[in-house]
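In order, the protein sequence lines correspond to chains A and B.
Numbers 35 to 447, taken from the numbering used here, label the letters of the first sequence in order.
Numbers 35 to 447, taken from the numbering used here, label the letters of the second sequence in order.
Worth flagging that the hints you see were computed from the coordinates, not collected in a lab.
Positions of the beta carbon are idealized from the N, C-alpha and C atoms, including for glycine.
Selected chain B positions facing chain A (in silico; Cβ < 10 Å):
1. Leu76
2. Arg150
3. Met388
4. Gln420
Protein chains: 2
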Amino acid sequence: MNQLDELYSKLLVKTGAKMALIVLDGLGDIATRTPDHPQHELTPLEAATTPNLDWLVAQGCAQGRMTPVAPGITPGSGPGHLALFGYDPLEYQVGRGVIEALGLGVELKAGDVAARANFCTLNAKGIVTDRRAGRIPTEKCEELCALLKKKIKKIGDTEVIIQAGKEHRFVVIFCGKGLEGPLTDTDPNREGLPIATAKPTSAKSAKQKKTAKLIAAFYKAALPVLKGQKVANGFLMRGVAHQPAIPTFENRYGMRAACLAVYPMYKGLAQLVGMKKIEGPQTIAEQLERYVKEFDNYEFFFIHYKYTDKAGEDGNFAAKVKAIEDFDAALPILLNKRPDVLAITGDHSTPCAMKGHSWHPQPVLLHSACSGSDKLQRFTETGANQGGLGHFEAKYLLRLMQANAKMFDKFGA
Amino acid sequence: MNQLDELYSKLLVKTGAKMALIVLDGLGDIATRTPDHPQHELTPLEAATTPNLDWLVAQGCAQGRMTPVAPGITPGSGPGHLALFGYDPLEYQVGRGVIEALGLGVELKAGDVAARANFCTLNAKGIVTDRRAGRIPTEKCEELCALLKKKIKKIGDTEVIIQAGKEHRFVVIFCGKGLEGPLTDTDPNREGLPIATAKPTSAKSAKQKKTAKLIAAFYKAALPVLKGQKVANGFLMRGVAHQPAIPTFENRYGMRAACLAVYPMYKGLAQLVGMKKIEGPQTIAEQLERYVKEFDNYEFFFIHYKYTDKAGEDGNFAAKVKAIEDFDAALPILLNKRPDVLAITGDHSTPCAMKGHSWHPQPVLLHSACSGSDKLQRFTETGANQGGLGHFEAKYLLRLMQANAKMFDKFGA
Numbered sequence: 035m036n037q038l039d040e041l042y043s044k045l046l047v048k049t050g051a052k053m054a055l056i057v058l059d060g061l062g063d064i065a066t067r068t069p070d071h072p073q074h075e076l077t078p079l080e081a082a083t084t085p086n087l088d089w090l091v092a093q094g095c096a097q098g099r100m101t102p103v104a105p106g107i108t109p110g111s112g113p114g115h116l117a118l119f120g121y122d123p124l125e126y127q128v129g130r131g132v133i134e135a136l137g138l139g140v141e142l143k144a145g146d147v148a149a150r151a152n153f154c155t156l157n158a159k160g161i162v163t164d165r166r167a168g169r170i171p172t173e174k175c176e177e178l179c180a181l182l183k184k185k186i187k188k189i190g191d192t193e194v195i196i197q198a199g200k201e202h203r204f205v206v207i208f209c210g211k212g213l214e215g216p217l218t219d220t221d222p223n224r225e226g227l228p229i230a231t232a233k234p235t236s237a238k239s240a241k242q243k244k245t246a247k248l249i250a251a252f253y254k255a256a257l258p259v260l261k262g263q264k265v266a267n268g269f270l271m272r273g274v275a276h277q278p279a280i281p282t283f284e285n286r287y288g289m290r291a292a293c294l295a296v297y298p299m300y301k302g303l304a305q306l307v308g309m310k311k312i313e314g315p316q317t318i319a320e321q322l323e324r325y326v327k328e329f330d331n332y333e334f335f336f337i338h339y340k341y342t343d344k345a346g347e348d349g350n351f352a353a354k355v356k357a358i359e360d361f362d363a364a365l366p367i368l369l370n371k372r373p374d375v376l377a378i379t380g381d382h383s384t385p386c387a388m389k390g391h392s393w394h395p396q397p398v399l400l401h402s403a404c405s406g407s408d409k410l411q412r413f414t415e416t417g418a419n420q421g422g423l424g425h426f427e428a429k430y431l432l433r434l435m436q437a438n439a440k441m442f443d444k445f446g447a
Numbered sequence: 035m036n037q038l039d040e041l042y043s044k045l046l047v048k049t050g051a052k053m054a055l056i057v058l059d060g061l062g063d064i065a066t067r068t069p070d071h072p073q074h075e076l077t078p079l080e081a082a083t084t085p086n087l088d089w090l091v092a093q094g095c096a097q098g099r100m101t102p103v104a105p106g107i108t109p110g111s112g113p114g115h116l117a118l119f120g121y122d123p124l125e126y127q128v129g130r131g132v133i134e135a136l137g138l139g140v141e142l143k144a145g146d147v148a149a150r151a152n153f154c155t156l157n158a159k160g161i162v163t164d165r166r167a168g169r170i171p172t173e174k175c176e177e178l179c180a181l182l183k184k185k186i187k188k189i190g191d192t193e194v195i196i197q198a199g200k201e202h203r204f205v206v207i208f209c210g211k212g213l214e215g216p217l218t219d220t221d222p223n224r225e226g227l228p229i230a231t232a233k234p235t236s237a238k239s240a241k242q243k244k245t246a247k248l249i250a251a252f253y254k255a256a257l258p259v260l261k262g263q264k265v266a267n268g269f270l271m272r273g274v275a276h277q278p279a280i281p282t283f284e285n286r287y288g289m290r291a292a293c294l295a296v297y298p299m300y301k302g303l304a305q306l307v308g309m310k311k312i313e314g315p316q317t318i319a320e321q322l323e324r325y326v327k328e329f330d331n332y333e334f335f336f337i338h339y340k341y342t343d344k345a346g347e348d349g350n351f352a353a354k355v356k357a358i359e360d361f362d363a364a365l366p367i368l369l370n371k372r373p374d375v376l377a378i379t380g381d382h383s384t385p386c387a388m389k390g391h392s393w394h395p396q397p398v399l400l401h402s403a404c405s406g407s408d409k410l411q412r413f414t415e416t417g418a419n420q421g422g423l424g425h426f427e428a429k430y431l432l433r434l435m436q437a438n439a440k441m442f443d444k445f446g447a
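Assemble the whole structure, with the sequences as input and the hints as a guide.
Pasting the structure below:
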């Protein structure tokens, strides 16, 4: 633990205060004036009609902008959310294999090694002729994964879990002792080459060496199972990584935390830090209703809303505005049972003009009895630029929420 | 020394420029709209009539907000001031015993160990029956301290200093070689238990072990002295800590520094870093007059004003407004002999609505020939949110003041 985290731990007081962190995925956006993009003088958040957010702002809120990881760094969902959960995304790096497994709803333990895998086509000489096996349909992928699962349950003392994804994609998880990533990919990254060997990235790591042997053994067991297949007679592995040991949310912050997310990836990320997944709700209204129902059972609620990001990725300005307005329409369900501390933000920006995640600081809104008021009219990127929270690293949001819940003693006399 | 401090040192140029740091204690505040608090759409600084600050702003100032220690951390006066003096408050931690001793005007040297102490009541079996000895009057405390002082001047080669405080409180200082804190408290923290033993917090520290033995010996010598007392026949010690070795202000910044404070605590904190205490002035007008008189004798003046914090702690909005206005009325004394660099800020926020210190960033005003102007009308929290200094850690203010005094060479070519 670093010195500052130690200090936070030392000053921690459990107050039983309730808090909610609402993540409007990819919320942040940019106004565009250049001719390169459709011109939008307002961001989607500025263009949206948000009577309920406006009402909340009028109750007294502090706004600011958060750098998701570091200046100029565009985060994936993993680092974006880890930061929001108060974990330094540079200190706690979660490999792609693990993220992919979480996205498919596989539950991992610290030390488990996961890899993304693709079915591929091999010729008679073992040369990769199609890295995606002609994008076989998902049903075929499921069938082949079931076949592999049936034949390969263990390698030595290591349990093997295989989980089908969409089209040619699946994940492989190795649950055993003494394993560690990252390893190099077996994907040669272009056709015309044989399957590569997964190699340790650190020559000193005996655990990586063991994991490399395990993957070689897995290939030895799995390729014969696929032998009869015409298209998907091989597979490539990427992002071989282990789940790092992450201090649990409850230990770190002294709060029981619940995750109200619809998509498996976000449930998985919440579970990484030990939050309790609450299953069932499929819409933001249902998520907020469930928050009200579970209010007494947890101190912290992570509520994830995907559609702002989806619209941003599609470059669909109108859809992003609509997603924000849909969220706003549901918000009163929570406002009628307001937590002591409420934060509304994104895990990063997904500007419509860029059709993808970006590094732009996401706006954040913080409301509590002692958040103070910036005297702003609305929650927007431009307003947040002038907010009392200033620009800060996303990993500190949770600490600010704790401070607003009076969860820290004074430091020094 | 860390890399950045090393760089500052390397680039340092003594220019003989004059600077003043005016600390309006607990200046920062919040606007409150929620029904939980009395509603104040303006902060005290915004509500106050401050013609002289307004005049200063019109001359060209840069404003900003400062995080006193780290996001969400509420500092006591010690860390708050160390940061303003340019010392990282996480790197230079000063224990409670030391702060208490400073507050009672005791002069400490690096390595001296200080502890807060309370008189308490013990029954015949040595069990604590009242941890505060019925809050004996201050006169009684002084009498008992005088008694202890007379009987215990030294333990082995270690000098013992005893200084009475208010009611049942006093401090004990051990001046000797090879001592170190922190030790655990002898206060059992509740009645019905015997006095605890002060133990080292690090098993490896021979100095802590020696200090623990010293405290045991002090008890052995002191308890018999109190034996005849009915109420205050024992005492409990807390916050046993040593004064850390802190590089002096003059060595670090190349400026002779003077402290113009009224309250002992702030004089003590200034003395910790080797500032010269100037005794005498009792009001802010007298402090500023003295600044004018001493202008030629120092390069740096730390001027401390307590009443903003006091009003905040009392939750007295009107009194905080008045304290700011009283300061503003005295300000022309200094403005008539303006230093080259002037900073006006707080050591932290003390929002009236919270009746105590808080983590909210304090506003800061910086004026020099090259501070630039934010084109703001007044010095306020809301204005400071938009200021050219942005949000930054308080420990950098002194470096900014030095830069404004042209005390740094260019870094690199």
